[in-house]
Every structure is written in structure tokens, then in C-alpha cells.
Amino acid sequence: METSIPAQVLYNVHHEIPLGYYIAIYFYITGLHMGFYTTSVVATLLGREEWKPIGKIGALGALIVLAVAPIFLLIDLNQPFRFWHLFAYINWQSSISWGTFFLTAYPPIGLIYAWCVLKGNYRAAKIWGLFGFPIAISVHGYTGFILALAKGRAFWNTPINPILFLVSAMVSGLALMIIIMKVRAHYLEQDAVHEAADVRITNTLLTMMYLFLIVEIFLMACDVLVLANSRKDEFEMFQLLTQGNWAPLFLGVELTLGGLIPLILLSVRRIRLHPAGQWVACSLILCGIMAMRIIIVVGGQSVRLY
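In my numbering, the protein residues as written are -7 to 298.
Hints should not be assumed to be uniformly reliable.
[Stated by the list, open to error] DEER-style ranges, computed between Cβ atoms:
1. Leu141 to Tyr14: 16 to 26 Å
2. Gly12 to Asp183: 46 to 56 Å
3. Lys44 to Pro99: 21 to 31 Å
4. Cys214 to Val185: 40 to 50 Å
5. Pro151 to Ala177: 37 to 47 Å
6. Ala116 to Arg223: 48 to 58 Å
7. Ile206 to Tyr81: 38 to 48 Å
8. Asn149 to Val34: 27 to 37 Å
9. Lys224 to Lys111: 54 to 64 Å
10. Asn149 to Pro267: 35 to 45 Å
11. Gly39 to Leu103: 16 to 26 Å
12. Val185 to Phe227: 54 to 64 Å
13. Trp271 to Glu42: 18 to 28 Å
14. Val60 to Val175: 10 to 20 Å
Bear in mind the hints are in silico, worked out from the structure with no lab data behind them.
Even for Gly, the Cβ is constructed at its ideal location relative to N, Cα and C.
My request is simple: use the sequences and hints to build the entire structure.
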């Protein structure tokens, strides 16, 4: 008597990745924008003469990077000339619709704020800076919510993502701000008083970046530990990050080069105060945050949807 043997048929099905590298770059640039704007507003609110250059650099930097960011959104679209659909078919229950609103609302506010800062009207700059602050945060913060609301993606569907995006945005924005300050000091002839003021400001920015970096590494560790002790798809993502295709970028670039090494460099006072140490730490941090965006956006789609 013949018995039937159950057979299993496997298919090698191609899985599309809806969000690609251009979206990761867009997230990275909007994070720089938030870091620039926040630092500028804080400098403006302090009202000190020595902090005025920071206010100007941050205000202009925020406008420049935010002008570049939508380009990558349009490139990512298969039909970029349909971008107007985001305005014509608004769904207020969608975080993407809210993001469209924030991206549209911020530029005029940012322009007015930057104009007030550059003209030295700091009373008006403080008002416009505070008014635009929640919108500027939302320009980048909504990106974390978009991913966190994707229930089918194990690496995205976590309340840590919005907070991690905001904290890492501050780290990257401060890192680029410090590099710009170093370049400015190199090419701008200053007397001893202004040079000492720049050193004090740079040290303050380094301290802020150091503290945000600690929080970022802590949140990253929490995220990975949850993945390691969760159900099948979360654990599969953990394996990809620690043993699989994404391990070199995660362990090598994001965690080691962009996290632990800058943390160690900034923990040693002698290195933190040395220009070379500052350059290295800030450059590695910028590379690490870029790697983080790629891993979260693209790598987060590596686990198959069941």
C-alpha cells in the first residue's frame, strides 16, 4: 500500500523594498536640520554676544539642508511629478500627510527667523524661533513615527524609534556645527578674546554632543536587547545585525566607529580639547548616524513579511 508523503515547495520570491537609500539620506538630512535649528534657537535665547555666530550658522544651515532634503524624496518617487497628490489627497490620520504639512509650514517660518537673526533683531528672532521650534522638531520627528507605525516591520514597530531619531539628530547636528565652527575659526582672523570665546562655545557644544551620544547609545542598546529576546521576526533582525549581512555596518560603522570610539575620545579631556580629537570624533559621529539611518530604513526591510 502506497502512502502519500507530504511535500514542501519553496519559492524564491523577490521582495520589494519600498523605502530605499534615498529615503535614508532624506531622514539623515532632516536630522541635521533639526540639530541646526535647535542649536540656533538655544543660542538666540541665551542672548550673549559670543553665541550670536552660532545662532546665524544654525539658522542658515537649517534652511540650506532643508532645501536639499526634498530632492531625495522626489528622486525616490517613481513618478516625481505626482508629488502634488500629497497635498490634494490629505489623510490627517496618516503621519506622511502630517509630514507634508510640517515640510510646507516650516520654510516661511525658518526664513523669517533667519532674517531676524541675520539682521540682529533678536527680540523678534526669539519669538519666531520659539514659534517654529515644535514644527522644526516635527519635520524630523514624523519620520520616526512613520516607521514606528509600520506594524509589519519588526525593527520599525517600536516606540523607541521616534525618540532615537530625535536624539541622533541632535548628535549629528551638533557634530556638523562643531566642524563648521572649526573651519570658520581656521579661515577667520580673530583676536585673542574672540578666539577664547570660540573655544568656550566649542567645548559647550562638545559637552552637549557627548551627553546626547550617551543617550543615543543607550537607546540603541535597549532596541537591540529587545530584538534579542523577542519572537521569531525580531530575533531574525537581531541575527542580521550581529551575524548577518548588516553586521559590518551595524557593529563596525554605527556602533564602533560612530558610537563607542567617539564616546571614548570625548571621555578623555586631553583628546576632547585637542582640535584633531574634535575633528575625528565629529567626523566619525556623522558617518555613524548615516549608517544608522541606512540600517533602520533599508536594513529594517530585510526581514520578510509573513
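### Task
Mind listing which of the numbered hints don't hold for this structure, in increasing order?
none
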